[in-house]
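Student: Sequence:
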Amino acid sequence: MIAIVNLQDKMNQIDRPWSPVDIARVNDQVMRMALLEGAYHWHQHTNEDELFCVLKGEIVIQVKDQPEVHLREGEMAVIPKGVEHRPTSEGPSYILMFEPFALKSRGD
1 MIAIVNLQDK MNQIDRPWSP VDIARVNDQV MRMALLEGAY HWHQHTNEDE LFCVLKGEIV
61 IQVKDQPEVH LREGEMAVIP KGVEHRPTSE GPSYILMFEP FALKSRGD
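Counting in our numbering, the final residue of the sequence shown is number 108, and the numbers go up one at a time with none missing.
Please note that the accuracy of each hint is not assured.
[As the list claims (entries may be wrong)] DSS-like mimics (lysine-lysine), calculated; alpha carbons at most 30 Å apart, straight line: (1) Lys-81 - Lys-56; (2) Lys-81 - Lys-10; (3) Lys-56 - Lys-10; (4) Lys-64 - Lys-81.
Source of the hints: derived by calculation from the structure; they are not laboratory data.
Please take these sequences and the hints and turn them into a complete structure.
Tutor: Given below as C-alpha cells:
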C-alpha cells in the first residue's frame with residue numbers, strides 16, 4: 001500500500017531540536033525532518049552531499065571559508081561532500097534533509 005505522509009503532523013510530533021526523524025526512504029536515499037533552534041556543531045560529510053530544504057522558519061548555514069547560506073521557507077541548498085558546515089537558526093525552524101540513508105547526521 002502506498003503511504004501518505006502529512007508533513008504538518010510530522011512537525012507536530014518533533015519535540016526537541018537537532019534530532020532528525022526519518023520521513024521516507026527512496027532507494028538508498030532518505031528524507032529526514034528536523035527542528036532547528038540555536039547552532040549545531042561544525043561538521044562535514046566526507047563522502048555524501050546533503051540537501052537542506054526549509055519548511056518553516058529561516059536558517060543560516062555557516063560554511064568554512066565561504067559566505068553564509070541564508071535560507072527562508074520554500075528555499076533549499078546543497079552542501080557538497082567534504083565541506084565543513086554548521087546549520088543555525090535563531091528561532092524554531094523545520095527543515096527537510098535529503099541524503100543517503102547511511103549518512104551520519106552528526107558528521108564524520
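Student: Now, for every hint given, state plainly whether the structure supports it.
Tutor: Outcome of the hint check:
Pair hint Lys-81 plus Lys-56 holds up; C-alpha atoms about 25 Å apart against a cutoff of 30 Å. Under the criterion of a C-alpha separation no larger than 30 Å, the hint pairing Lys-81 with Lys-10 is consistent with the structure, at around 28 Å. At roughly 13 Å between alpha-carbon atoms, Lys-56 and Lys-10 fall within 30 Å of each other, so this suggested pair holds. Between Lys-64 and Lys-81 the CA atoms are separated by roughly 13 Å; this keeps the pair inside 30 Å, and the hint holds.
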